[in-house]
Every structure is written in structure tokens, then in C-alpha cells.
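Here the protein sequences line up with chains A and B, keeping their order.
The first sequence begins at 1 in my numbering and counts up one residue at a time.
The second sequence begins at 1 in my numbering and counts up one residue at a time.
By construction, these hints were calculated from the structure, which means they are not laboratory data.
Everything numeric in this text was worked out from a predicted model, so none of it was measured.
In this text, a Cβ means the ideal position worked out from N, Cα and C, and glycines have one as well.
A portion of the hints provided could be inaccurate.
Claimed, not checked - Selected chain A positions facing chain B (Cβ under 8 Å, derived; list incomplete):
| no. | residue |
| --- | --- |
| 1 | 45 |
| 2 | 131 |
| 3 | 132 |
| 4 | 134 |
| 5 | 137 |
| 6 | 154 |
| 7 | 432 |
Unchecked claim - Once the Cα atoms are required to be at most 25 Å apart in a straight line, the calculated DSS-like pairs of lysine-lysine come out as:
| no. | chain 1 | residue 1 | chain 2 | residue 2 |
| --- | --- | --- | --- | --- |
| 8 | B | 62 | B | 193 |
| 9 | A | 182 | B | 247 |
| 10 | B | 62 | A | 6 |
| 11 | B | 193 | A | 38 |
| 12 | A | 120 | B | 68 |
| 13 | B | 205 | A | 261 |
| 14 | B | 142 | B | 62 |
| 15 | A | 261 | B | 123 |
| 16 | B | 123 | B | 193 |
| 17 | A | 180 | B | 247 |
| 18 | A | 120 | B | 54 |
| 19 | A | 131 | B | 123 |
| 20 | B | 62 | A | 74 |
Here's the letter readout for the chains.
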Amino acid sequence: MQNHIKDLMTRALKHSTAEYCEIRIEESQETVIRLRGKDIELVAQTVSAGGNVRALYRGGWGFVSFNRLDNLEKKVEEACAQAKILGERLNRDIKLYPVDPVEDYVRGNFGREAFAVPLKEKMELLQGYNKLILNCPEITSSAITYFDQHTHWHFANSEGTYIYQEKMDLGGGLTAIATKDKLTTQDSARFGSNNDYNVALGLEDEVREAAEAARQMLYAPVVEAGQYTVILDPDMSGLFVHEAFGHLSEADDLDEDERMKELLKIGTRYGSDDLNIYDSGIEGPNRGECKYDDEGVPMQRTYLIKNGVIAGHLHSRESAARMGEDVTGNARALNYRFPPIVRMRTTCIGPGKHTFEEMLEGVSLGIYVQGGYGGQTNGEMFTFAPSRAYMIRNGSIAEMVRDVNLTGNVFDTLRNIDMIGNDFVYKNSGGGCGKGAQGPLPVAQGSPRIRIRNVVVGGEKK
Amino acid sequence: MKRLLEEAVARGAEATLVTTESENTSVSFEANRLKRIGSTESLSLNMQVIKAGKLGVASSTKPGTEMKLLENALDVAEFGSEVNYSFPEPEPPVDPKVYDQAVEDIDVDRMISIGEELIQFIKTFDPAIQGSANVSKTISRKSISNTRGLYAQLDKTVFVVSAGFKFVEGQNLLQSWDWNASTGLDCDLEGMKATLKADFEIGRKNVEVRPGVYDVLFTPSGFQDLVSPILACLNGRAVMREISPFKGRIGEQIVAPAFSLVEDGTLDGGLGTQLYDDQGVVCRRTPLIENGVLREYLLDLESAYRLGRQPIGTGSPAGASPNNLLVVPGETPSEELLKGMKKGIVIDQTMGAWAGNPYTGTVTGNIALGYLVEDGKKVGRVKDCMFSLNVFTHLKSNLLALSRDVKELGALILPYCLIGGVSIAGRDS
């Protein structure tokens, strides 16, 4: 099958009249299961198949995507014609970072293959979690979400590269919902993996903990707005670094903006000597990691901040060449309908030396936040919301508070990190990252707990 | 298609097949330059079956796999949700105007020239500005058929123009963007230019805002964040599961009388307009909230059955979702609302406001683009602060006005919304 597709792609690429041309073909199968309360809401199977051609000519890109794989030569000609329309207007000498041609077949190195697990077994597992949630005190409903995806990915370019990769992705959330007097609260246990169905097993303790948190939240006051010292658990720290610095390091937003390049110049100090931030496609196994990115470039570990100082950026072949830096394997596409853009994979804060007790000590009034619910950035500011939050009073964890959402400024928040924990862990959830129209793209995070001064927390002002 | 449905019946199932084929062409400008021309042909086949009272759903983008699609749907139906409905008999739909030959006919050169016009305009603001733009057209054909004899298809065109800028000054990063989407070519380029120019001119000046409680004028874009939790709570599935605070409150005054919300799947020129929803229920116009009184939920066939209501054409196998939604406008132009503000804040673009729990009604987000207003004028940009309010209580007790002018944000048509008592948190300094 791979050889057939390789031949198809290689033949079609001979029709390229552009400076550079590539073809990506993908076929994937996905299972989605959603349980809500006592009901099965949705059980669905999806087959997704298609491809695209991307061509570069004198600075202009043509991009054609399609579901029908016949007449691939015509698609190549069409993408080249589009690139030429632009290239003849632009007439720019755009180079791509040179990458040696390679032929590689990367079979999945999977633990238990999710796509080989019978649907009946998946349903029994999820219904078991659902029953557990619904039997917890004051829990009135639930939301169970599960997906798995198995993808065959083919890439060939006009430089002579052909790569086949087999990929797996799975994830989900097990949410307990509590309702009392028109107030509804919720909390979740989440899981995700790029290589093993078994991560979905044995989550009973996390599920009970989520149900208890949702119950407690019914009685928790809304947080009071203000500026606090905040301690983030590793899950929340991972979300923080993704939003607060990861997106800013994506070089396709920098490479043609001299002022942004100056702000993020290598060697500029952004944090204390203890602060190390890196993005990696090879920590494994984590969601979003694989051997090659969507330009056929090997993934690697890239330091963004080393000892508090900017050390690098995340690149596609185009942005690396434009900025005169090494390519990093960060060109990723959501699927065949999209061209690759610069994206993160597993984004990490390296471990520090502090214990949780040391972090709590000396915080007379602060907030401890757990579980990355979601975040967003616009390059200048960012928000990050936890699943759970507790007040810190006089160095101890105190009462739970709800409806907490935090914000910071990209350019000064990293400097306000005053303690980095020694408890580094990776976190894979079933969510993903959005950029442009491409989301959710699987990503992961790794971090210890961190402590940040002067974080603005939204809420009621009493 | 007919053979597929006959096969479903022969296998003891009811079935609905929804097929969407579309062609999209787009031109993109980044960093003040033309960057990419793209074209996408896409196909989507969605099959729902009900067998032995259970629902199975399968979809595919692979041409020629219809029989496999039926097999997959029948396979998963064994484990699917137990449903209390049958797919509906066909009812005559309205004939909405959502196709414009001019969109199909517009060529890439013209699309490029629209983008260039916007980029050239943005470049006049400052030599260091980074402009971006996108112009795209989509032609789609959606067809639906079921084993009860329904067959219908609708052709639709969509033309979208968006433009924005990024401007770095020291450690200030000012960004703004605007967009127009329509089933025809009637794009308000001059309006977009005026919005971007005003944002650049006022947004360059940062002003401090003291934490406290303010009147806030939400632009239609900012207002979206307040409408989202209401939609989550109006969803029939949330009501059916008793997690929505709107459960059992049809006929009750839930927000101020000035607020009315309408779902309309039949709207001429509506981006969300369709003949039938994805379960085969004919689309219609339905007031959801009328003068502040809860009138109807967003319903799919299952939630309609369980709540004892008639479906309204907003269903899909995964639940209910709106087609086009309109907040009924007020009497006063938004400019007059602004002029009437002694001291307050305009919130246009937000971040992270979606990350709350919609069923509590609390909305807390960063003000990504907002302005301090003094004596009816925007005096500068506020940043590094959060707004917070409770949609249910604020729209009931603190809704001061809705504007006469509206903006179409895709399938959501919203006025400006002036609300009092909004909490603003920021740096203590």
C-alpha cells in the first residue's frame, strides 16, 4: 500500500513546475463516544481520507487540498499554477532551510492499539466510569468523552523525500456535574496518549477526586478579584508556559516583523537563572510527538529559554531560513485540509529545586490553582483558567473558590516566577491547541509546580 | 443514494444521509504581502441509522464508500444511544436566498485586488505596521435524504473578507481585525477600514484603569461572550439533563424585557440558513427569548421528545445547535450609547472568556482590545485587566441598552450591548 502511494506521489511530483513542491496524503479512522448522564449521546465512526499539494515559486505558495486522490498530477499542476500567479507578482527569493532527502517508513511503536480494542470493551470501560461518577454524592449528571484515531500519513517532496508514518492519538475527559439550587459545577479527570490505549484504564481514583471537587465547588464562593501570588500545579504550569511563552516563540509570527524579532532576540533575559523552557517532539510518548513534522523534518528538543535567557525559536523550513536559525521540526498541520504552520509539540518548564512546602511558606494571601482547564493568548497577554482553585492563607491551603480565570502580560510574567518546583511531570489530556483555523491540534506539556507573583485574577470585587 | 437507503430498510433500519460537497478558494496576505492562494475541494458523507431503537452514526470523506458507511453506522448502532424518535416525514421548506452567482463568478485576480486594497490602506497607518488579510469564496451543495421519502438539496455561496494588523511599539503589541461574511459579494470594505483605523489611532495610547465596577459597552464581537452561556443553557440536552438553570422556566421572565433572542434557519442571506436540520426537521424561525421571557429551547429530536416539545429544526445526531441567531436590536445608535457614557469601558475583543462554566453564568475574561471612555469619548486602550459579570443577573438587572445597529458575525447577528455594574480587575498599582 505504501509503495503504491509512494509511486503515485512520485509520478505526480514530476509534473511540478515550481521551485519546490510537496504532497501529503492521509487516511485515518476515528471512533468517538460521548455519554451524558445516564444516556449514550453519540457513538460514531469516521473515515477521513484526502491529501494536499503545496508548491512554492518566487515567494508565493499555492495550496490545493482534496478528497479524491485520482488525477494527482492535475492537483500538482494546479498548486504550481497558483504559486506562479503569486510568484510572478512577488518575485521574491525565498529559500527553504535545506533538509537532506530521506526515504523512511515509520511504523507505530504502540503499546495497546486503541483501534484494535473492540468497541464493546471501550463502551464497558466508559460506562463503568460513568456509573462511578453518577453514584458519587450530590452528582447529578456526567459528561464522558472519548476519541481515538489511527492515521496513515504519507509525505513526498520534489527534493526526493518520501516518508510514511503511522500515528495514533487518543484522549478523553471524565466529567462529574453537580447541581444544587440552579448552580451547576463540574470537574474532570482527563487522559491522552499517542501510543497506548491503557492510559484510559485505572482512572477510578481521579474520577472520584473530580466528583468530590465538583461537589465541594457547589459550596465554594466566587473568587474575589485582585492581584495575587499564585502557585500552579504541574498541569496548570504546563498550560501557562504554552500560552505565556510557547506561542510567542513560534517564528512564523516573528520572521517578517523586525520589532518582534528584536523583542525576542536570542540572548534577551526574560526570567531568573533557574528558568528553562523547551519544546520537544522527542520526549515521548506524548500527544503530538512523532519522528517527522508535516514538512518531513525530524522533530527534536529546542530550548526557548535557557537559564532565563532566550535561546531559540520554533521553526518551519521557511522561517528558519528567513531568520538564519536551525530548523526545529515544528511545522505541523491539523490534517490534509491545511498547510503546515509553526506549532508546539510538548512544551516544558525544566525542573527547579523547590518543594511545595517552600512555595507555600511566606504566602500570606494567595491562590493555589490545579488542572489546566484552558487558556488563550494574543501574543501580548494571555489567560489561563484552572479546573480547581483554593485560597492560600498564611502559608496553608485554605478554602476552595470557584470561577477563577487568571491573566498576565507575556513580557513581564516570566520575570515574576520566583520559585520552580522539583516535581516535574508530563501531562497529556484529551484537549488540544488552536491557532488560526487549525485546532484542536494534539500537544502535551511538562512542568513542575511554579510560583508567580502579582497575577491578576478576574472575578467579583467586594 | 436511493439504493443505500433501500439497503438500510432491507437491513431493518431507518436512515438519514447528509452529504456536503464544497469548493473553496482563498487568497492570503501576511506581513503586508500576498502569501498564498489555496483551493479546497471537500466531501463529507454523514449517515445516521436507527435500528432496534438505537442510533448509529458514521461519517466519511472518502468518495465511493457509501456502503461501508452504512455498515459502520449499523455496527455502532448496536452500542448507540436509545432513541425515542423516528426520522421525520418530509415537510415543505421555505426557499431561502443563499446562493449568489456573483460569488461563484468572482476570479482570483479580483480577490487579490480586494486584499491588496485593504493591505495598502493598513500600510498607511505606520511604516512598521504588519497587515494581514484573507479573501475567500465557498460554493457548497448540501443534500439530505431519509427513508421516509425526504430528499432536498441546497446550494449556498459564502464570501468572506477579513483584515487586521499587528503593531509593536516597545513592549506594546496592538492588534485588531475585522471581517465580513456574506452569501453575496456585498462586503463593507469601507466599514472595515474605518474600524481598523480607529483601533490603531486610539489603541496606541495606553491608559490606566482603576479596578472597580464600570458601565461597559460590549461591541457585537465582545457581546458574543455573553451570548455563549445563554446558548449553552438553552440547549435542550442541558435542559433534559437538568443541568441548565433554564429548566422548567418556559414562560418565565429570565432576563430584562429589552432582550429578545431569535433562532432563524430560514433567513435570506444567513450563513447558517438551511432547508432541514441534520435530522431532517424543516427549518423555521423561532423566538427563544421574547421580551425577556423564555419561550423555547434549542432542540434536537431526542430533547424535544423528552421535554414534550416540538422540534424546531436545530437538531443533529450529537444534539442541538442554532442555525442563525439574532439578538433583536434596540432603538439607539451605538454611537449615541457611547456618547452617553460618563465613564466606562468599551470591550471589543476578549480572551479566555469561554473558559468558564456556562451553567453558572459567570463570564470572566481578559480585555484583549478595549478602551476607557470618559465623557462619551474613547480616551485610550485599557490592558492587562479582566472583566467579570454574571450573564443571568446582569442581563436581568443591569442591561442598560441594546443598539439599533447590528453586526453580522457569521451566523450570529448582534447589536452593541451596554451593561452596568461590570467588575474590572487589574494591577493594583
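Hints, one by one, checked against the model:
1. 45: holds, 4 Å
2. 131: violated, 16 Å
3. 132: Violated: closest Cβ of chain B sits about 18 Å from residue 132 of chain A, beyond 8 Å.
4. 134: violated, 11 Å
5. 137: Check failed: Cβ of residue 137 of chain A comes no nearer than 17 Å to chain B, outside 8 Å.
6. 154: Since the shortest Cβ distance to chain B is 15 Å, the answer is violated.
7. 432: violated, 15 Å
8. B:62 - B:193: Status violated; Cα separation ~42 Å.
9. A:182 - B:247: holds, 9 Å
10. B:62 - A:6: holds, 19 Å
11. B:193 - A:38: violated, 52 Å
12. A:120 - B:68: holds, 20 Å
13. B:205 - A:261: Given that 25 Å is the threshold and the Cα spacing comes to 22 Å, the pair holds.
14. B:142 - B:62: Distance of about 16 Å is within 25 Å: holds.
15. A:261 - B:123: holds, 19 Å
16. B:123 - B:193: holds, 11 Å
17. A:180 - B:247: With Cα atoms ~13 Å apart, residue 180 of chain A and residue 247 of chain B stay inside 25 Å; holds.
18. A:120 - B:54: holds, 15 Å
19. A:131 - B:123: violated, 59 Å
20. B:62 - A:74: Roughly 19 Å between the alpha carbons, so the hint for residue 62 of chain B and residue 74 of chain A holds.
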